[in-house]
Structures are given as C-alpha cells and as structure tokens.
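Visitor: The whole structure should be built from the sequences, with the hints applied where relevant.
Offset between the sequence shown (1-based) and this note's numbering: plus 738.
Bear in mind the hints are in silico, worked out from the structure with no lab data behind them. From a predicted model like this one, the values you see are computed outputs, not experimental measurements. The beta carbon of each residue, even a glycine, is placed where N, CA and C say it ideally should be. Mixed in with the good hints there might be a few duds.
Pair ranges (Cβ atoms, derived) [to be verified]: (1) 766 to 799: 31 to 39 Å; (2) 739 to 805: 21 to 29 Å; (3) 802 to 837: 27 to 35 Å; (4) 765 to 799: 32 to 40 Å.
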Amino acid sequence: VQLQASGGGLVQPGGSLRLSCAASGSASGFNNMGWYRQAPGKQRESVATITSGGTTTYADSVKGRFTISRDNGKNTVYLQMNNLKLEDTAVYYCYAVTSYNIRLYWGQGTQVTVSS
739 VQLQASGGGL
749 VQPGGSLRLS
759 CAASGSASGF
769 NNMGWYRQAP
779 GKQRESVATI
789 TSGGTTTYAD
799 SVKGRFTISR
809 DNGKNTVYLQ
819 MNNLKLEDTA
829 VYYCYAVTSY
839 NIRLYWGQGT
849 QVTVSS
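Guide: Below is the structure:
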C-alpha cells in the first residue's frame, strides 16, 4: 500500500490550500482516511477524518475552515484549507486504513507554511 500526498506550500494568512492524497495497493479499498499534522516541537495531532460512507470529524481548531472529502473511485482523500492561520503551519500527513485487514498506512508528509 502506498499513499502519495501533494498540495502543500507557502501561503499568506487568510489564504487557501488544497491537499490531496492518493492511496493505492488495496484491492478492497479503504475504510477511514484522513489527515494529521505535526508542527515543530509539537506532537502529531489529528486534523480531520472521513469514513468510507462520508462521515467526517474535525479537530476543533479547524472546524469551519477545513473540509475533508474523498473520491472512493480514485481512493483519494482531499483537505480543503481556507482562512489559514499562522498556527496551521505544520507538516501534514495523510493516512488510510485498508478494508481487508484494517491496517493503517501513512503517506509522506507535505509542508504547509502560513506566513506573511
């Protein structure tokens, strides 16, 4: 199983970015998919999760600003980030849980930097 994340970058406060993460290698697809992030000197924290049925959960710090979605046909999860704040600066990691053996896999991190 492989996950390939993309879409990070440098953005000013109030700006937007869209992260994508394409998963492959699981013929039966994936259950939960989502995003974590890790800022310098801090622990990795959950940002958003989406089930195969489309149920979503968000960290309180991003509610109303971030939207997670997925395309099950493409095994791809997205994170639309609006109204970005300085404190959103972190390396963002996607993950996916395989349906057939319920194992969690991580993608490589993608850097998001919010700076004026």
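Visitor: Next step is simple, just say for each hint if it's right about the structure.
Guide: Against the structure, the hints come out as follows:
1. 766 to 799: 31 to 39 Å: Holds, since residue 766 and residue 799 (Cβ atoms, about 33 Å apart) stay within the stated range.
2. 739 to 805: 21 to 29 Å: With a Cβ separation near 25 Å, residue 739 and residue 805 satisfy 21 to 29 Å, so the hint holds.
3. 802 to 837: 27 to 35 Å: For residue 837 against residue 802, whose Cβ atoms are near 31 Å apart, the range 27 to 35 Å holds.
4. 765 to 799: 32 to 40 Å: holds, 36 Å
The structure fails none of the hints (numbered hints given earlier).
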